[in-house]
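Residue numbers (the UniProt record's numbering), protein chains in the order written: chain A, 1 to 419; chain B, 1 to 305.
Calculated from the structure, these hints are not laboratory results. For every residue, glycine included, the Cβ atom is placed at its ideal position computed from N, Cα and C. Treat each hint with caution, since some may be false.
Said to hold, decoys possible - Here's a subset of chain B near chain A, in silico, CB distances under 10 Å, partners left out:
| # | residue |
| --- | --- |
| 1 | G145 |
| 2 | I146 |
| 3 | L246 |
Given next are the chains, with one letter for each unit.
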Amino acid sequence: MRRTTLVTALAAGIAGALTLTACGGGGGGSSADSGEVTFWDTSGPNESPVFAKIAQDCATKGGYKVKTETVAFDQALNNYKTAAQGGQGPDVFRAEVAWVPQLAKLSYVMDLSGTDLAKDTSDFLETPLGSTKYDGKTYGVPQVTDSLALFYNKKKLADAGVEPPKTWDEVKAAAAKLGGEKTIFINNDAYYALPFIYGAGGDLVDADAKKIVVNSAQNVKALETAKGLLDAKAASTALDPANSYNNMQAAFSGGEVAMVINGPWSVADYLKGTAFADKTNLGIAPVPGETAGKGSAPVGGHDYVIRQGTKAKDSAQKLIACMSSTESQVQVAKELGLLPTRKSAYDNADVKANPIVSAFQPVATAAHARPWIPEGGQLFDPLKIAYADVLAGKKAPKAALDEVAKAYKDQVVTEYSIG
Amino acid sequence: MRRFLDRHWYAYAMVLPVVVVIAVLVLLPLAQGVFFTFTNINEGNIANPVLDRAATYAVVGLDNYLHVLSGDPSYGSFWSTLVRTLIWTFGCVFFHYTIGLVLALLLNRQVRGRTVYRVLLILPWAVPAFISAFAWKYMFNAQYGIINQVLRAVGLPDPVWLGQSDWALVAVMIVNIWLGVPFMMVALLGGLQAIPGDLYEAAEMDGASAWQRFRHVTLPGLQSVSSTVVLLGIIWTFNMFAVIYLITGPNPNTRILVTYAFERFFSGASRDYAVASTYGVLILSVLLVFASVYRRALRKQGEVW
Numbered sequence: 001m002r003r004t005t006l007v008t009a010l011a012a013g014i015a016g017a018l019t020l021t022a023c024g025g026g027g028g029g030s031s032a033d034s035g036e037v038t039f040w041d042t043s044g045p046n047e048s049p050v051f052a053k054i055a056q057d058c059a060t061k062g063g064y065k066v067k068t069e070t071v072a073f074d075q076a077l078n079n080y081k082t083a084a085q086g087g088q089g090p091d092v093f094r095a096e097v098a099w100v101p102q103l104a105k106l107s108y109v110m111d112l113s114g115t116d117l118a119k120d121t122s123d124f125l126e127t128p129l130g131s132t133k134y135d136g137k138t139y140g141v142p143q144v145t146d147s148l149a150l151f152y153n154k155k156k157l158a159d160a161g162v163e164p165p166k167t168w169d170e171v172k173a174a175a176a177k178l179g180g181e182k183t184i185f186i187n188n189d190a191y192y193a194l195p196f197i198y199g200a201g202g203d204l205v206d207a208d209a210k211k212i213v214v215n216s217a218q219n220v221k222a223l224e225t226a227k228g229l230l231d232a233k234a235a236s237t238a239l240d241p242a243n244s245y246n247n248m249q250a251a252f253s254g255g256e257v258a259m260v261i262n263g264p265w266s267v268a269d270y271l272k273g274t275a276f277a278d279k280t281n282l283g284i285a286p287v288p289g290e291t292a293g294k295g296s297a298p299v300g301g302h303d304y305v306i307r308q309g310t311k312a313k314d315s316a317q318k319l320i321a322c323m324s325s326t327e328s329q330v331q332v333a334k335e336l337g338l339l340p341t342r343k344s345a346y347d348n349a350d351v352k353a354n355p356i357v358s359a360f361q362p363v364a365t366a367a368h369a370r371p372w373i374p375e376g377g378q379l380f381d382p383l384k385i386a387y388a389d390v391l392a393g394k395k396a397p398k399a400a401l402d403e404v405a406k407a408y409k410d411q412v413v414t415e416y417s418i419g
Numbered sequence: 001m002r003r004f005l006d007r008h009w010y011a012y013a014m015v016l017p018v019v020v021v022i023a024v025l026v027l028l029p030l031a032q033g034v035f036f037t038f039t040n041i042n043e044g045n046i047a048n049p050v051l052d053r054a055a056t057y058a059v060v061g062l063d064n065y066l067h068v069l070s071g072d073p074s075y076g077s078f079w080s081t082l083v084r085t086l087i088w089t090f091g092c093v094f095f096h097y098t099i100g101l102v103l104a105l106l107l108n109r110q111v112r113g114r115t116v117y118r119v120l121l122i123l124p125w126a127v128p129a130f131i132s133a134f135a136w137k138y139m140f141n142a143q144y145g146i147i148n149q150v151l152r153a154v155g156l157p158d159p160v161w162l163g164q165s166d167w168a169l170v171a172v173m174i175v176n177i178w179l180g181v182p183f184m185m186v187a188l189l190g191g192l193q194a195i196p197g198d199l200y201e202a203a204e205m206d207g208a209s210a211w212q213r214f215r216h217v218t219l220p221g222l223q224s225v226s227s228t229v230v231l232l233g234i235i236w237t238f239n240m241f242a243v244i245y246l247i248t249g250p251n252p253n254t255r256i257l258v259t260y261a262f263e264r265f266f267s268g269a270s271r272d273y274a275v276a277s278t279y280g281v282l283i284l285s286v287l288l289v290f291a292s293v294y295r296r297a298l299r300k301q302g303e304v305w
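Here chain B stands alone, though its shape is the one from the complex (with noise of 0.2 Å):
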């Protein structure tokens, strides 16, 4: 042992302040969490050195985890907001993945004023999402705003997007979809252009249809970088608060896991911190074991990352 400190000791003096950093920032805070869903922490028994005040709150068990799994109304309806979320989270991607693809292949073209178009549509992910959040809101109203004045015209029917009805959660899919493409696109062209060019002339020469260069040779091409986004994009859309929260609100037609644990943990309501780190554990046992399962389909396939 003392040979073994003696040789390497090092090594572990250059990993130390990166372990102590990730103990303070992200493992203490993180057993905080999990205790704190044991307890009936709120607001009122909180310790408060700032103010003097000692800690009042008490363990009470299982009891966060009852109420919330249990699909109580007035703890969130986990059940069905968990469905929810799935719907919005699995939506939106698939949407983000399938558009971008189609931009990026139409970008990977040789057209006239490539840049210009790749320029305009990265637009949509360089503008602050709350302003694009408040833009949207203002077109989604529903006696002023231009989508349903446009509607009107055309003698369609204008429903009231942002009310309470599931319209609401379409209307912040389309804006979290308008978002989030850029970025897809952006990730899938630079997968694109890696593929060489020479497999596209070879499966020319073999005769394959433009269908099956795609199936063959684009979409196998672009599986890591695929992969990586599409994992990437589903955990930020599983947690996407901002484009909900800002143009909705407290909607429970449109409250997924996150925007209903912020609701607990800062909304006037409650600050119920307890309620409100048990959605945050739940929200981790759920992208862990959804993570786990991706990884290992992906490695079936060869994939290893």
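Next comes chain A alone, as it looks inside the complex (with noise of 0.2 Å):
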């Protein structure tokens, strides 16, 4: 009788138990709108109030709620995957252009194709309409784009009577008269690398080819112009990655170098500086290159993606809608100095008064595209600290490019071939 009762209570446990789990396993299935949308902005503190603020007023116009909650960039991605993975996370996120085709091959963002999203795009720019795509299907909406330029002091660089460098070459005989090292910062990050690849004539992968190009000979020149820079004493950099970033920002926007590479998320932090206390000390110039005018930036920005199995699909769809708007866009542009998506934004006055964005738009519209490929944004982590050795003097550039292809190999693109 005593063990009849055990054996009952052992056997309720364990079902117990199983119910428990496969509750936590299904849910999610419902079709109906919960009205209440979660947003997770990727932006920074000087950017989060107005996507927060425009957030609100779109809510509020389409009768539905909205919740803004800010991520740090470079925890998001890999805090949204771990949410979307157990079927948690925002209702809308603002992925890097990068993450998208990602996300979308490991089906943690929404297949958007049939939605009113999709339907008409053709006022989107080209490129960053591209990252809204993967194997055919749309998945996201362009939110801003950019591109890094040439940041430079105005005033030092009048000083000193140099005109924005248009070559790499051009930075070092400029630093004879620019103090030296305090002619440009170099951030020591793998985004950061970029204009000088590129510049070169290089590229991290082939997709078309299926072929890692990461140790090509353009590349390992483009690294070698990046610490040549170094060690002429053109240049100065953190050398620790940690620190990198923001000493960047600390030096420039204190005036102590004369010119860094930045994208146009940076001007907020700029113009809080007492370099920039007169706002037109900024100067803005394409990146340089190897030769005049072949200085190559990557192609940046943000999509806005709907998480694959949210509660809220027409609510953030509305939301979507509202905040990728002309309007919206033009509000973004005018108060930030983003570029817009749409090229109707760019017809508005006020916007193409802003000098921000008028010195970008070229920079953005030139800039080089980048393979929208999965693996896209994985292929950095591998190229950071290999840049990062390289710019220490701790390896040569061929070996440390050698490295990353083998790391791409294994671990990012295993079907493609190196060389």
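Could you fit the two chains together into a complex? Lean on the hints.
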């Protein structure tokens, strides 16, 4: 008798445990809209309030609720993937352009092909729009586009009698007048190696030929150029990668260095600095290249995506439609100087008058396209370590890039061939 | 059997929940983790009931172990990482213990304001690890950090602490030692206060010098506390993730086994669950071997626990 109770209790317990796990796995099947949208914003503290306000206005107009959560950009992809895998996370996510194909391949984001969001995309610029496509389907809506440019301190360059350099050799030559190492700050992060690489005619992978070309002769040359600037005492860098970006911002906005390479998102930081109390002192030019006019920076930017399994499908779509509308993009461009992805937004007089937008527009239009492959975002981690090693003089460019190629082959694009 | 169960059913019923909980929370995930090491599982082929996706990973035998144990750089250079992990672990625990012991001896005396010192010395332990980590990251900043400013001011060379060199390992070790000393100090202080004072009096009567009293009364009296805290310290330090990752990120010069496992499991690069699990199993094996050797050594000295 006693044993039977025990067995029953045990069986009930196990059954209970099984139901619990089943519950955890299922859910999310209903199509009813909850009317509450959680939006993960990955922009920094300068930009986030503007996006949050636009999202709030959209929600008020559209008759649904929105909750904006700010997520640190460098943690965002990781956190999103972890959350989405468990059926949690935001309904709308601001994803970097390289993340979208990856999230689409892993089916963490909703296929928007059949929805209103994918219907009329003729107003969007070609390149940013390309990042929302994977395997012939649409997975996102372009939010902003950007690229890297050369920022310079107009007063410093004018005092030294130097024109904004068009080639890396000109940077070296200008160093004599601009105070040697104080000429330019090189951030030792992978993304900031791309202007050197693209400018030298190199690339990371050749997606069409399924080849890894990161250790090509052009790229070796590119890293030699970057290291050469440091060796010639024409540039400085923070050799500690963890502090590199912040030191770059501090050095430039404090007026310590004359030039940096960065994107439009950094403008708000710079304008807070003592060197740019007078806004007009901030100059923007295309990045230098190996030869004049051949400078080339990567296409960047962000897309809105909807999480697969969201409980607020309709509201999320409404929110994205509203936030990517021409009016919203104009507002973002006016207040933050970020580049719209809609052609019609550039027709707005206020946007045209914005000095940052007008300076960056030609840069972004001429920017070097990145391969829209799922692994696109994963190409940076190995390159980041190699680039930092090269700039610190720990490894020769060729040896470091060979290791990156091997890491790509082993971990990232396993079906590609090297060379 | 029947009589046995009749007599002891109550005891079994009491134990059962614990057994079930341990099986579900510990043994099952462990077995699953070990199984993953023989597959090529990653984010793309794992089953996902939320997204209605079935598993498509395949069993690949010992491939993961072969890749990792060959010391291949794109699989984390296992052997040099292991050596670095050992340097990190024993370096940290050695300084934890010695500094902790010295502080405990100082605080065990009758000094004015003893409580204040104790509170101050325990503070690093009370601050959340990530706050300490970020604070130290600022202090180690090669250009603007206070440490290098001081070094420059007194005319010493100022290394790039958190860069691509072994200085980075030194830097994170300094932080971890700073973080771990309070625990050692408090534990050893407790041990010191448990040593009866008459032992010291008797030793003094016999003409033992201060060093002899320390060597023959204090150290043996501390042995049971020491052996436990050192073992704990070694396991904690071996698996210390937060300090290293928050301060230097994925820097190969500070890479230890757990941070690499994390890089493979979570960082954007690959989410390679198979290789990460392989590292997990290898870490577990290293610690098991170490713990059993350690225990045997202690048992030889007559210690039982």
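Min Cβ distance, B:G145 to chain A: is it shorter than 10 Å? At 8 Å from the nearest chain A Cβ, B:G145 passes the 10 Å test, so the hint holds.
A closest beta-carbon separation below 10 Å is what the hint needs, so does B:L246 meet it against chain A? 9 Å, holds
Checking hints one by one. Is B:I146 an interface residue toward chain A, by the C-beta closer than 10 Å rule? 13 Å, violated
Of the numbered hints stated above, the single one contradicted by the structure is hint 2.
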